[in-house]
Amino acid sequence: MMIKVEFLGPIAREPMEMEATTLAEVSAKLKADERLAGWLEKCAVALNDTMVTDLTTPLQAGDRVSLLPPVCGG
Amino acid sequence: MELYHGCLDTKEIFGRWLDEQSDSNYGAYIPFVGTIRAEDGIEGLSFDIYEPILQQWFEEWVARAKAQGAIVKMAHAIGDVPVHTSSYISAVFSPKRRVALELIDAFVEDFKANAPIWKYDLKGGKRLYAEDRSTPMDGAGVLA
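If you read the protein sequences in the order shown, they are chains A and B. The numbers in the first sequence follow my numbering, run straight up by one, and end at 78. The numbers in the second sequence follow my numbering, run straight up by one, and end at 169.
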């Protein structure tokens with residue numbers, strides 16, 4: 005099913021759409037993208053604006069996965 | 026939670042928060058002001074915020090404070106903020122000082138670690154991600 009991946013803050017990349025049924029599949033596809041090398045290790049992940057930490061998290065069509073790079077408010 | 030484009034009017038916000046609670050019988054009010062220091066030749070800082078998750082983060086702190094009879098408040102700037110002005114303020118109200126002193130410490134520290142805000146140095150006309158001062162959020166690396 006088609007989901008959307010968005011890159012927040014300084015990653016500065018346009019959102020992308022991909023076929024995936026779990027976060028593990030999203031991980032595999034993003035790891036193949038050299039431009040994201042270095043970011044994946046440092047990014048937290050949200051699914052439809054809720055933080056997630058489990059790669060087996062199932063995805064539904066239209067879901068939105070967000071990558072949140074290291075933060076520094078204040 | 027309040028978000029503003031550009032620097033914060035700290036006196037107006039703190040004064041208003043104080044006025045709002047004037048009849049609430051809180052014994053302690055502890056404000057925190059984050060002021061942008063002139064260092065490393067920066068002209069200011071700039072901020073990106075992801076508001077949906079920031080709002081959730083803040084609401085968890087509201088609930089945590091409420092469980093102790095306290096209130097937390099915060100305001101943050103979006104976009105460019107010049108040196109010697111404020112980009113972040115927060116405050117805690119509580120019936121007695123000890124709860125407020127401990128809460129402001131935990132609240133500000135967790136803000137630095139987990140609020141979805143990204144900081145950039147404004148230097149020589151460029152906007153440079155402050156990567157070396159940034160912290161991976163809890164749970165980072167799940168996709169690696």
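Source of the hints: derived by calculation from the structure; they are not laboratory data. Errors might be hidden in some of the hints.
Unchecked claim - Some chain A residues near chain B, calculated using beta-carbon distances under 10 Å:
(1) GLU45
(2) MET55
(3) ASP67
Bear in mind the structure is a predicted one, so any value in this text is a computation, not a measurement. Think of the CB as a built atom: it goes at the ideal place given N, C-alpha and C, for glycine as much as any other residue.
Hints versus structure:
Taking 10 Å as the C-beta contact cut-off toward chain B, the hint placing GLU45(A) at the interface holds, the least distance being around 4 Å. Using the Cβ-Cβ criterion of 10 Å, the hint placing MET55(A) at the interface with chain B is satisfied: the shortest such distance is roughly 6 Å. Look at ASP67(A): its Cβ only gets to about 15 Å from chain B, farther than 10 Å, so that hint breaks.
Hint 3 from the earlier list is the only one contradicted by this structure; the remaining hints agree with it.
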